[in-house]
Every structure is written in structure tokens, then in C-alpha cells.
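From first to last, the protein sequence lines stand for chains A and B. Read in order, the letters of the first sequence are residues 1 to 307 in my numbering. Read in order, the letters of the second sequence are residues 308 to 614 in my numbering.
These are computed hints drawn from the structure, not numbers from a lab. By construction, the Cβ of each residue, glycine as well, lies at the ideal position given by its N, Cα and C atoms. Possibly wrong hints are sitting among the right ones.
To be verified - Here's a subset of chain B near chain A, in silico, CB distances under 10 Å, partners left out: (1) G345; (2) R353; (3) L370; (4) H371; (5) G372; (6) F375; (7) V379; (8) L382; (9) S383; (10) K400; (11) G401; (12) I402; (13) K411; (14) L412; (15) R450.
There are 2 protein chains.
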Amino acid sequence: MSLKLTILGCHSATPRTFAHPTSQYLEINNRSFLIDCGEGTQVQLRTYKIKFSKINHIFISHLHGDHFFGLVGLLSTFNLYNRENELHIFGPKGIKEIITLQLKLSKSWTKYPLLFHELEKTESELIFEDEKVIVKTIPLKHRVYTNGFLFQEKPPVYKHLNVKAIANYPEIEICHYHNIKKGLDFTCNDGTLIDNSLLTIPHNKPLSYAYCSDTAYHPDIVPIIKGADLLYHESTFLVDKQDLANTTMHSTAKEAAQIAQLANVKMLLLGHYSSRYKDINRFQKEAAAVFENSHLTEEGKVFHLKS
Amino acid sequence: MSLKLTILGCHSATPRTFAHPTSQYLEINNRSFLIDCGEGTQVQLRTYKIKFSKINHIFISHLHGDHFFGLVGLLSTFNLYNRENELHIFGPKGIKEIITLQLKLSKSWTKYPLLFHELEKTESELIFEDEKVIVKTIPLKHRVYTNGFLFQEKPPVYKHLNVKAIANYPEIEICHYHNIKKGLDFTCNDGTLIDNSLLTIPHNKPLSYAYCSDTAYHPDIVPIIKGADLLYHESTFLVDKQDLANTTMHSTAKEAAQIAQLANVKMLLLGHYSSRYKDINRFQKEAAAVFENSHLTEEGKVFHLKS
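Work out the full structure, taking the sequences as your base and the hints as a guide.
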């Protein structure tokens with residue numbers, strides 16, 4: 001199983017020459033997802049050589065500009081490139097109106113099917129599922145309605161045969177392999193039951209990625225993200241600005257680390273840094289004092305997990 | 308009199324790493340104007356060290372994304388920077404709804420006064436005037452309602468005194484200077500009239516800049532832009548794609564030059580190049596064959612005119 005996260009932008013608020021607002025590109029179990037889409041995301045996708053054609057699902061956490069102002073431009077570019085595949089947009093109620101109004105007034109309705117999945121629930125819900133991956137919302141606590149997203153690999157439907165082990169049972173012929181791959185035990189002619197686990201190789205553990213931005217410190221999310229392999233949790237401030245974090249409903253690096261610790265995740269990524277901090281290493285230090293496996297997101301950085 | 312034009316973006320359609328969509332920053336007679344605002348314009352303003360605080364008037368030609376998708380981000384950034392000054396937006400009807408919907412849904416209404424001047428006339432109209440500059444629309448011919456803009460310096464209200472000439476007339480005392488600066492003639496005690504032109508230095512010729520993008524070849528604009536010191540006329544294509552220019556309602560470099568020639572402007576700038584052309588020098592060559600003083604716009608290039 002495999003999870004690869006490319007950071008396209010990891011700074012808060014205003015785009016600057018070398019500090020793009022939030023966007024991430026996730027490849028998980030052969031599926032590709034774009035998470036948030038601040039202004040300039042389409043250029044960042046090009047910079048990091050991500051094929052536009054791979055993006056069929058876009059998840060928008062909330063309707064603050066630094067998380068979605070790049071969306072309408074990306075959708076227009078898809079159109080110019082004669083995209084034909086369906087595009088699914090998941091985001092807060094209102095996103096459809098924002099996009100369709102602009103497309104309508106520019107008389108440039110997309111030639112490809114554009115499907116909106118507007119979110120308004122305040123409890124975690126399953127919003128995407130296919131044979132490879134499921135995606136659930138993580139209701140967050142911010143100044144506007146906001147969701148994080150939990151991406152989980154599904155275990156493979158078919159197991160790998162343990163060819164060496166099977167060779168010990170001449171009664172098992174090729175025609176039985178399909179059932180064994182499906183997980184069924186094998187019954188010999190003499191009635192002996194051979195447990196499936198003796199005939200197959202256990203699949204690797206499915207991986208999961210929890211994306212949580214923007215949010216105040218909100219331990220209610222812990223049961224949802226429990227045990228995630230990778231957690232991105234916003235850390236707009238350091239503890240020196242705890243008051244500001246509280247009033248703006250953002251988190252400090254310390255709080256991000258506390259959530260990581262409570263949820264017992266494997267690895268924490270920090271981001272959405274306020275531009276007031278010139279040295280972002282301070283975020284890593286503050287978080288690592290609480291949760292050791294804390295890392296900084298930076299533009300172009302790729303986090304690759306395998307199991 | 309002085310006119311300084313900085314090119315922030317000059318390519319058509321999709322933003323690329325080093326090819327931003329249309330935006331220009333014009334300084335004319337001590338006034339500053341932003342013209343069009345494609346995605347990434349706020350970053351380009353930073354790249355070329357243009358102070359955000361100088362922008363109080365933004366002119367949007369039409370509601371195709373490559374001319375306005377950067378606007379909402381710029382307005383939001385002004386807010387984050389605690390802007391207090393009024394900001395005036397001139398653009399097609401609908402622009403107010405697009406911007407206000409996004410600000411409403413992101414719960415981030417600007418703290419500074421944001422004033423929309425929506426345009427819907429199909430004849431040239433005066434849309435801005437102060438003591439230094441006037442701005443008129445140039446109705447263009449495109450797939451959606453589109454205006455170019457004609458920026459004209461106003462002659463100074465007060466003339467410069469010709470101190471040497473005045474010294475020849477002892478009767479002219481300091482208390483008379485104000486009327487002479489205003490352009491009045493002087494009457495001596497013996498009734499002789501001294502023409503104002505003998506007592507003042509003629510001011511330099513006011514300059515003008517005509518911005519025309521996007522548009523098909525449209526000679527109707529010629530009377531409006533007649534004699535402009537500087538004309539920017541879009542040239543999305545070369546003559547090899549005349550058919551495409553016709554169907555998409557864009558112009559070729561040759562057509563831009565023909566307009567420049569008909570309007571007897573002093574200098575032509577080309578831009579809005581289609582990404583299909585790798586060598587943009589071809590635009591200059593095609594235009595210069597018709598109108599010699601043709602030049603390419605390029606990102607970061609500054610055109611400075613003085614009179």
C-alpha cells in the first residue's frame with residue numbers, strides 16, 4: 001500500500017512570490033486527489049509536474065480565499081485543455097454558486113461534466129468510496145463551516161497466493177485459486193479444513209491520511225483520526241500567539257502536536273504558517289517537544305509512505 | 308507630463324510558471340491604475356515591487372477568467388493588510404455579484420470601502436475624472452461584453468510663468484501672477500493688452516494611453532483612440548490563424564497594427580499571445596510590416612513616455 005503527498009502550498013493567507021496558500025496533491029492506492037486550491041495552485045501543479053488529467057476529485061475544506069481562490073482558474077484551464085472526464089468538487093454549501101456564477105458570467109460553461117458535492121453536515125460522513133479508497137469528513141472548528149478530510153486505503157479485495165505453501169497441497173488446483181484469493185478456506189477430499197491464512201500472504205496494512213485545516217484546537221476530531229498514519233494539522237501560530245490563535249480559531253504548533261498525541265497518529269505534518277514567523281523551524285521544535293515525529297511541510301516537499 | 312506602464316502579465320488564457328495572464332499597472336500624471344487582474348496578479352505586483360497602497364482604481368475589461376480571476380484574492384489581501392482607503396472597481400455588470408458572493412460566503416467583508424462602478428453601455432463613456440486624469444471606455448468586440456479604456460492626462464489648470472518675459476513689464480506685479488497662471492491676458496494701464504501666451508510657458512502635451520483587450524478587429528474604435536501616444540492592442544494570433552482569430556473574436560498582430568495605423572497612434576504595444584507561438588518575436592515582425600513603431604509587451608517590461 002502506498003501514500004504520496006506533495007505539498008503545493010503551505011502558507012496562510014496571502015500569496016507571495018515563494019509562499020503559496022494551501023494546496024496539497026495526494027496519491028493514495030492509485031487514486032489522486034487535490035486538497036484545497038489557493039490562488040496559484042494551477043501554476044504550482046505545473047511547477048511540480050503533476051498531470052492535470054490525473055485530477056478527478058477536488059476537496060475544499062472551507063470558503064476562505066486562501067483555500068479556494070485558485071479553483072475557478074483551474075476549472076477554466078481544464079476546459080481550455082478540452083478535458084472530457086467528470087470532475088467532482090467536494091466543498092461547503094455555496095461553492096457551487098460561486099463557481100457557476102463566474103462560469104455563467106464569463107459565458108464559459110465547462111464542456112466536461114462538473115459535479116458538485118456540497119457539504120453541510122456537522123458530523124463526520126462518508127463522502128467518497130470506490131474499490132480502492134474511502135474519504136470521510138472531519139468536522140473542524142473555525143470561523144466558517146470547515147471540514148478536514150480522512151483518506152483511507154481499503155484492503156485489497158483479493159489476497160496474494162502463498163505459492164510455496166500451496167505447493168504442499170497437491171489437491172489445490174488452479175481452479176481453486178480464485179476462491180482462495182477471495183479469502184475462503186480450502187476443504188480437502190478427506191474433510192480437512194486448511195485455513196485461508198496458511199495459503200495466502202497477508203496484505204500490507206492499509207494507510208490513512210488525515211488533513212485538518214483550518215481549525216482551532218478541537219479534540220472532538222480525535223476519535224475520527226485515531227491511529228492515522230499521517231496527520232496534517234494546521235499550525236498557524238506558535239504558543240507566543242496563543243491568544244491570537246484562540247480569537248482567529250487557528251491552532252498553535254503545540255496544539256497540533258497535542259492532537260497528534262491524543263490521536264496516536266504515526267506522523268505529524270505542520271503548516272499554514274503565519275507570515276509573521278520568519279523561521280519556520282520554530283514550529284517543528286515546538287511541536288516535537290510534545291510529539292516527536294513532527295515535520296514541516298514546505299512547497300514541493302513530498303512525503304511518501306509505504307506499508 | 309509622464310506615463311509609465313508596467314506589464315504584469317501579457318499572455319492569453321492559462322497561467323503558467325513564467326506566463327501570467329493579463330494585468331498592467333499604469334502611472335499617469337501622478338495617478339495609478341491597475342488594468343485587468345488575471346490570476347496571480349497580486350504576486351506579480353510584489354515581484355515588480357509595486358506598492359499595494361497606490362492602487363485605488365482597478366479597471367476590468369471583461370469577465371473572462373484570464374482578466375479577472377486574480378481580483379478577489381487581491382481585494383482579500385488588501386483587507387488582511389488593514390487597508391482603509393476607498394477602492395473603486397470599474398468593470399462589466401456582474402462583477403459586483405461575483406466579488407460580493409465570495410466575500411459573503413467567506414464571511415470576510417472588506418473593512419475598507421469597496422465601490423463598484425458597473426458598466427453596461429455600448430458607447431464610449433466617461434467613467435473617471437479628477438483634476439489630473441480622465442478615463443473613458445472603448446467599447447470592444449468580443450465574445451462577452453468588453454471595454455477597453457482610454458486614459459488621458461488633463462492639461463494643468465495653472466500655467467508656468469515665463470519669468471524672463473514678465474520682467475519686461477514692470478506693471479505686472481506679484482499680485483497679478485495668479486490670474487496669468489490661470490491663462491488670463493494682462494491689461495496695462497495704457498490699455499495695451501498683453502496676450503497670455505507672451506507671459507507663460509506652454510505646458511507639455513498631455514499624454515494618453517489606450518488599452519484594447521480582448522477584441523476582434525474593430526475599426527469602430529479608431530475615432531476614440533485617434534492620436535493616442537500609446538496603444539496596447541491585443542494580438543492573440545498571427546495571420547496564419549486568421550480563421551481562429553475570427554471565430555474566437557481575437558485579433559492578429561497585423562490587425563492590431565492596422566488599427567494603430569488607422570488611428571495614427573504614436574506607438575503600438577502587442578500582447579495576449581496565444582501559447583501556441585513559442586517565438587513571440589514573430590508578433591513584432593508581423594505588426595511592424597504594417598506599423599513600424601510596434602513593440603512586444605513582456606512581463607516586467609516598463610514603457611515610459613514623457614512629453
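Against the structure, the hints come out as follows:
1. G345: With a minimum Cβ separation of about 8 Å from chain A (threshold 10 Å), the hint on G345/B holds.
2. R353: holds, 6 Å
3. L370: Where the cut-off is 10 Å and the nearest Cβ of chain A is about 5 Å from L370/B, the hint holds.
4. H371: Holds: closest Cβ of chain A sits about 5 Å from H371/B, inside 10 Å.
5. G372: holds, 5 Å
6. F375: Hint holds; F375/B Cβ to chain A Cβ min 8 Å, cut 10 Å.
7. V379: holds, 6 Å
8. L382: Cβ of L382/B sits 9 Å from chain A, so the hint holds.
9. S383: holds, 5 Å
10. K400: With a closest approach of 9 Å, the K400/B hint holds.
11. G401: For G401/B, the interface hint holds, since the closest Cβ of chain A sits about 4 Å away, which is under 10 Å.
12. I402: Status holds, d = 8 Å.
13. K411: Hint holds; K411/B Cβ to chain A Cβ min 9 Å, cut 10 Å.
14. L412: holds, 4 Å
15. R450: holds, 6 Å
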